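Chains as they are written, first to last, in this note's numbering: chain A, 1 to 406; chain B, 1001 to 1295; chain C, 2001 to 2325.
Mixed in with the good hints there might be a few duds.
What follows is a set of in silico ranges between Cβ atoms, one per label pair, in the way DEER data are often shown [said to hold, decoys possible]:
# : chain 1 : residue 1 : chain 2 : residue 2 : range
1 : A       : R296      : C       : S2274     : 23 to 29 Å
2 : B       : F1266     : C       : L2265     : 40 to 46 Å
3 : B       : L1090     : C       : S2193     : 49 to 55 Å
4 : B       : W1094     : C       : L2182     : 43 to 49 Å
5 : C       : L2305     : A       : D345      : 54 to 60 Å
6 : B       : Q1134     : C       : L2265     : 46 to 52 Å
7 : B       : N1193     : C       : L2305     : 23 to 29 Å
Please keep in mind that the hints were generated in silico from the structure rather than gathered at the bench. Only a predicted model underlies this, so the values are computations on that prediction, with no experimental measurement involved. Glycine is no exception: its CB is placed at the ideal position from the N, C-alpha and C atoms.
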Amino acid sequence: MKTKLKRIAQATLATVALAGFGSAAHAQISGDVVKIGFLTDMSSVYADIDGPAGVEAIKMAIADMKGMAAGKKIEFIYADHQNKADIGASKAREWFDTQGVDLLVGGTNSGVNIALSKVAAEKHKPFISIGAGSARLTNEDCTPYTIHYAYDTVALARGTVNPMVKGGGKNWYFLTADYAFGASLQSDATAVIQQAGGKVLGSVKHPLNANDFSSFLLQAQSSGAQVLGLANAGGDTINSIKAANEFGITKSMKLAGLLMFINDVHSVGLNAAQGMFVTDSWYWNQSPEAREWSRRFFDKMKRMPSSLQAADYSAVTHYLQAVDKLKTDDGDKVMAAMKAAPVNDFYSKGTIRKEDGRFVHDMFLMQVKSPKDSAEPWDYYKLVSRIPGDEAFTKLADSKCPLVKK
Amino acid sequence: MTEVFGIPLPALLGQLLLGLVNGSFYAILSLGLAVIFGMLNIINFAHGAFYMMGALLAWMGMEYLGLSYWWMLVLAPLVVGLVGVVIERLLLRWLYQLDHLYGLLLTFGITLVVEGLFRSFYGASGQPYEVPSQLAGATNLGFMFLPNYRGWVVVASLVVCFGVWALIEKTRLGALLRAGTENPRLTQAFGVNVPLLVTLTYAGGVALAAFAGVLAAPILQVSPLMGSNLIIVVFAVVVIGGMGSIMGAIVSGLGLGVIEGLTKVFYPEASNTVVFVVMAIVLLVRPAGLFGKER
Amino acid sequence: MVKNPWLGYGAMFVLIALLPLFGAYPIFVMKVLCYALFACAFNLLIGFTGLLSFGHAAFLGAAGYACGYALKVWGLPTPLGLVFGALCAAGLGLVMGLLAIRRSGIYFAMITLALAQMVFFYFLQAPFTGGEDGLQAVPRGSFLGLALDDDLHLYYLVLAIFIGAFWLIYRTVHSPFGQVLLSIRENEARATSLGYDVSRFKLLAFVLSALLAGLAGATKTLVLGFATLSDAQWGTSGSVILMTLVGGMGTLTGPIVGALLVVLLENKIGDLGSWLAQVTGVQWFAGLGESVSLVTGLIFILCVLAFRRGIVGEFGALFARLRKR
């Protein structure tokens, strides 16, 4: 019953407020509060690479803005979508309808993020997808309200596949997570492999958060391919690598971790992961600014941030700066402002493409160090090459987004 | 390389062997379920939760007390057995006079409570558990690398299964159990403490589940949800074998693991459903299960 | 016996109709109505025929996907989409029923569980369902010229569907057919000896239950705009059993109360926990949101041990006792 009374009270207040301040119609912050909602996997297979630490990163961003934007208080709510699209979409809809959320931030899981993007588009509110990988967010499933911030499966494929094919890995076999992300990653990687002159001998799909990879790995081994492409992430990647070592797969096949974060390397250990190529948008040790921010994060969380957590901070800061400048949180105006303003911070430098919402910035190809080359804790990567943004991501001319006019 | 039905022999043998490993788990779990059903007439939905508890206890023993795998192999089943005694005395015994279905519903509730409890502490993703050093490494069998640990799982399961079977079929205690199942009143009239036997049976059944859990810990991720999906398959196995039959449970468990492995070679997508398809067929043709007696 | 139960039912429906005016979130109430219908359909089988199906989620899911696909890909008008969904569930019910009716009691439950798992894995593999991602962005369309994108319009449509289905269940239970079902629940052997073809009645009840469960599933997809694997998972089968058990098996309004309670529990326990944490200052309450299973399980156990008649059942027994004095 408390909720009903609260609703009546809210409704009354809103009516009074509108009546009283209706005359000052332009430039308003809805509900008198800038509200940010964050949905991510907090407890399952992707909890480490984003999860509760991502929540902390966003809190840092809000604190650094002194908790205020455009003179109004910033409120932050977050929830665990448990990798279920129905939970994510329902929560998002409820937040937009009853909590007055102004910005929806999507953490991990591409399937959930695609569902979230549709809800945000329906409600005309900005949606920034950070942890999801599927390039569909800026292609087939693009909307005017989606910004795809950190990375996508196209960039990952172009990064990691090329050096492996050049290094002699012509024949590939994929171990794929059976949902939007895995499928995108496999198809984008296949395109790059074929362009580089390689061949895909086959693939096997595994359920998300699979327990036992042994039978899938045996199938991979019997294919005779040189490279085992891991089209999965988080806990699944960690377990695939461990099982591959256990079953001696690594004696006859090279492992390609198509999406890996520093937390995964930390879990697997340098011994098992050394020499693997990693394509990522950011590394904590890449620049003095990155190091400084990472130290702050480390002091709070006792571990180094992944690129997703850094991107959480960067994206929310970018939004808040846009709201602060415009003095409104109107969805359409803020979207235009975010796309017009370039991003230039410790995370990355670049611009968000107007047509499809893709944040184009440089990506980095790195290689996991061997244990003896690692000088301090979390010193896991050495930089191999920098991939310029317009080479890493899909060009507009090739985009499958219906909003892009050709 | 030699091919059987177009599949290279090494791949076939590899999947069969993995199937045998899975089948060992099915066998131990369905054995416990069959024993409990035979004695108490209760479908113990909580079996998966006890399996999970065994694995989680093994992990906790290592994490908090530094106890090795070998210790937990004995301790975890004991602890879970005690929990089983408490549950049986406190909750289950009220239901013996009622329809079977209430037992199923109560144990379903117990599953939710146990899983919810552990989930609130440990989240839904798994904790890693190391293979004990004595069993680490793999043997090159030629057609595949078999991690030694998996070989141990098969051996341990077979020993335990046949041990329990021998206990029930060949010893005096087993005879008392069987008598108590068939005719509790008469057995009690002979001075046998049937309620105690019932409690011990439940405790023993769930201890078996916990044992399987400890065996599983180094192979699968130890997570609060590890029992949930396994339990449905185990039900199907028990139904196929015959709800009260010990031998039926063991044979069906191993057999279905192998069939699942074979399916993974020829038609991987169907491997999840093959157990249920077999169950549907068995139920249509021999409703009491392959080894069961019509009740 | 209450003189005319429809006075009570009518009052209840009027109250539900007025809820949005009191500020209730329409989507949430519609969700409760869908699950209430699902539970009522399930109750037809367990409460009135005595058959425990552990696979009802298959019907919810099948209808959800069928309706979603029909509306999104084939572009069927909304009423047709709903009917199509319900009919698909009924068809599935016929097939599952034919296989399961041969056995009774615990075996019946096991077979329905196994068949439902097969259906689940089919949905996991089939490309049209979208697998883990689910079938998203299902359009709402319109009904008799009323655009359903407006939450309020949809609300009254869903309420109308619910009232219609509830009336159907009421008529079924109070008909000669319903009497035979009750007799099967009480004493199957005697019903057979009286000359009734028990298997045929059971099958009919099963299909009817599947049809209505399917209607609930199709409506839910319409309201929420998606159909996902969660609908067809065995956890959902367990949920509906809980709803019926807590509300009261064999009563007409019991499942509605049960559904309201369980949906409230699953959705609001996180908010309740946060509020409790704020009010009492005890931080542990904030983690209550994670423990939905825990609380659900405890309620299950409590109901099986002590409140087998469920809320409505216990109240009914209480009134009967009071009236006797």
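Tested hints:
1. For R296/A and S2274/C, the Cβ-Cβ distance of about 27 Å falls inside the hinted range of 23 to 29 Å, so the restraint holds.
2. Under the hint 40 to 46 Å, the C-beta atoms of F1266/B and L2265/C, about 44 Å apart, fit the expected range.
3. Taken as a hint, the range 49 to 55 Å is violated for the pair L1090/B and S2193/C, whose Cβ atoms sit roughly 41 Å apart.
4. Taking the beta carbon of each, W1094/B and L2182/C are about 27 Å apart, not inside 43 to 49 Å as hinted.
5. A hinted range of 54 to 60 Å holds for the C-beta pair L2305/C and D345/A, which are about 59 Å apart.
6. With their beta carbons about 47 Å apart, Q1134/B and L2265/C fall inside the hinted range of 46 to 52 Å.
7. For the pair N1193/B and L2305/C, the supplied restraint of 23 to 29 Å holds, since their beta-carbon distance comes to about 24 Å.
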